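*Asks:* As a plain string of letters, each chain reads:
Protein chains: 2
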Amino acid sequence: MIGPGSHEELIARIRNRDVRAVARVISTLENNPRFAREFITKLSPFHQKKPRFGITGSPGVGKSTLVNHLVRQLREQEKRVGIVAVDPTSPFSGGAILGDRIRMLDVQNDPNVYIRSLGSRGSLGGLSAATANIVRVLEVFGVDFMLIETVGMGQTGFDIVDIADTVALVLSPESGDGVQTMKAGVMEVADIYAVNKADRPGADGLITEIISLLGMLDSPKEWKPPVLKMSALEGSGVSQLLDSFFEHQAFLAEHGLAATRRRHQIAREIRFIVESRVERLLTGETKHKATLDDLAEKVQRGELDTYSAAGVLIGMIINSLRDEEIHEET
Amino acid sequence: MIGPGSHEELIARIRNRDVRAVARVISTLENNPRFAREFITKLSPFHQKKPRFGITGSPGVGKSTLVNHLVRQLREQEKRVGIVAVDPTSPFSGGAILGDRIRMLDVQNDPNVYIRSLGSRGSLGGLSAATANIVRVLEVFGVDFMLIETVGMGQTGFDIVDIADTVALVLSPESGDGVQTMKAGVMEVADIYAVNKADRPGADGLITEIISLLGMLDSPKEWKPPVLKMSALEGSGVSQLLDSFFEHQAFLAEHGLAATRRRHQIAREIRFIVESRVERLLTGETKHKATLDDLAEKVQRGELDTYSAAGVLIGMIINSLRDEEIHEET
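Protein chains in written order, with the working numbering: chain A, 1 to 330; chain B, 1 to 330.
With the rest of the complex left out, here is chain A (with noise of 0.2 angstroms):
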């Protein structure tokens, strides 16, 4: 399925910038649980953390075009970006997502920026652990600065804040998301707040209310959350995202809260993969899946109820998980 080559082999070239290699163990990584598992092991002794900064917003309010105008100004200071634009509402993987990819043609062609969209797969735990794990490939294979993407906040069972170092929050004048549309818990994730298409009616109106709503919450952070103004079709107002991202890092640094932060990260990340491994054996083509069509028409003719069913369910996944477990340890 990786073609020839041992891990070993396959981290050597990616350490060497082999475009070719990263693609493919992305892929992989993506499909192949038993792969991402043995690889990923492998691969951490050669990792280190680059800055990630995360773009969210709604579709729409121009994230893409705004990504496409940070990469340019990282590309002028000679950075490689890596680039994992995520949309847990799409089924599609690997290339384009959305028609947004478009619009990034003009960096596409850069061999020092990467790019790779990721769609839902029906897992939400496991597009966080892919996620997380294709910025950790990119990481190895070299880029000096991490920017994901994402659709949406807090709604869809993938956040950005699981994976990004600081997040910037994308709004626009009409978008028709108002801040009063912003469900509890969003405003307090961004750590920086993007008003794009800046030109347009409505815009100040739409900082007013941010900063008012700012102003409200509960629990007043030692950061204050900038509210810039852009228009990243003009490209007015980039290299301001650009900097406050740096500042929010040696705020982070700063404070000691880069670490903790990071670790916080890490365990969200290894509860993702321990709920996927127990998602793959009730979803797959596997016994437990003829078990549990059974279970289901039992309770369906009343013969047992939903939790009773669950327990038989989980007795068959604690000997699954076990098997598994003892076979890796061999």
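No wet-lab data here; the hints were simulated from the structure.
Check the hints yourself; a few may be wrong.
[Claimed, not checked] Below, in silico cross-link-like pairs of lysine to aspartate or glutamate (EDC-like), each with a Cα-Cα straight-line distance of 20 angstroms or less: (1) A:K298 x B:E297; (2) A:K42 x B:E324; (3) B:K49 x A:E297; (4) A:K289 x A:D323; (5) A:K298 x B:E303; (6) B:K287 x B:E324; (7) B:K50 x A:E297; (8) A:K42 x B:E297; (9) A:K50 x B:D323; (10) B:K289 x A:D162; (11) B:K50 x B:E139.
[To be verified] Coverage of chain B stretches by chain A, computed from C-beta distances (three or more under 8 angstroms per stretch; other residues unrestricted): (12) 258 to 268; (13) 296 to 308.
Note that the structure is predicted; figures quoted are calculated from it, not measured.
We treat Cβ as the ideally placed atom computed from N, Cα and C, and that holds for glycine.
For this one, chain A is given, so just place chain B on it according to the hints.
*Replies:* Only chain B this time, still in chain A's reference frame:
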């Protein structure tokens, strides 16, 4: 926690249409998974499913007003109605969510209408399991008809298809979510399309768009989803919506699809129970939580990789699940 009375007594009171018993049981079901397990096991023999109508759509399309009208029509037919409003994006449960309920005040004093709102409480599998149980309790309580209202569709982990027999997707010309923003999988799921605010500009265009997209779907179903025009504010089109629901119910029964759908729902529900039990072991303030923090620190220091850490955790979870099962049997 649940107050005086054994499970058997509570079930008897619910079957006797004791509203206070229902309210108390539902709150406890949400907050106490152990109670849920014991109570639902005992309730199951008394349960019989009632017609369940799911209403979904983006925020602001007028779902609540529509539900309000549906309730009125069902009340004219002397039907007792249960409503569960699920908002996976809100952390709030119980009382009002997002002010929507205010519009339902005119039905809230009717003893034959039971309304309950449910927020995410952080767990999506948990939300589906909780909703299924609440619907079950209301059906034992004696409602003739269940309305399940939820925000969004297929993007939040909570899937209305797991609970409802028939799902109506509500759209509005000015909600900004034209058909083009709908993701793969969303269009396929709805059994009925309700274009609300049909007097506003763009309504006819939206209808044309839906019909043409429905024609393009890969898998033409035998059921041809109707595309209905309505104005929830004025109440027009609401009876057609209810008629379409009953037509779809008849269609499912005629084609032997009702039982198959229901079996799939039960299978998913069993899966959610299993997943929530594992999730609880990972997120609760248990010894596993402490272990997870320790493991994350080791990964951060480079002494361990995420997959080996997950392996350690799985070993501990196997033991806990086994202990729970043994405890259950004795």
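*Asks:* If you draw a straight line from the CA of A:K42 to the CA of B:E297, is it 20 angstroms or shorter?
*Replies:* Given pair A:K42, B:E297 holds - Cα atoms ~19 angstroms apart, limit 20 angstroms.
*Asks:* Run the distance test for A:K298 versus B:E303: straight-line Cα separation, threshold 20 angstroms.
*Replies:* violated, 47 angstroms
*Asks:* Checking one constraint from the list: CA of A:K42 to CA of B:E324, max 20 angstroms. Satisfied?
*Replies:* violated, 35 angstroms
*Asks:* B:K50 and B:E139 were given as a pair; does the straight-line alpha-carbon distance stay at or below 20 angstroms?
*Replies:* With Cα atoms ~6 angstroms apart, B:K50 and B:E139 stay inside 20 angstroms; holds.
*Asks:* Under the criterion that the straight-line Cα-Cα distance not exceed 20 angstroms, is the pair A:K289, A:D323 satisfied?
*Replies:* holds, 17 angstroms
*Asks:* Would you mind confirming whether the straight-line C-alpha gap from A:K298 to B:E297 stays at or under 20 angstroms?
*Replies:* violated, 45 angstroms
*Asks:* For B:K49 and A:E297, compute the direct alpha-carbon distance and say whether it is at most 20 angstroms.
*Replies:* Holds, at about 15 angstroms.
*Asks:* Would the hint linking B:K50 and A:E297 be met if the CA-CA limit is 20 angstroms?
*Replies:* holds, 18 angstroms
*Asks:* Given the hint that A:K50 pairs with B:D323, does the C-alpha gap stay at or below 20 angstroms?
*Replies:* violated, 42 angstroms
*Asks:* Check whether three or more residues of the stretch 258 to 268 of chain B sit with their beta carbon closer than 8 angstroms to a beta carbon of chain A.
*Replies:* holds (count 6)
*Asks:* Would you say the stretch 296 to 308 of chain B counts as covered by chain A, given the rule of at least 3 residues with C-beta under 8 angstroms?
*Replies:* holds (count 9)
*Asks:* For the pair we were handed, B:K287 and B:E324, check the Cα-Cα distance against 20 angstroms.
*Replies:* Holds. B:K287 to B:E324 sits at ~15 angstroms (cutoff 20 angstroms).
The structure fails hints 1, 2, 5 and 9 (numbered hints given earlier, in ascending order).
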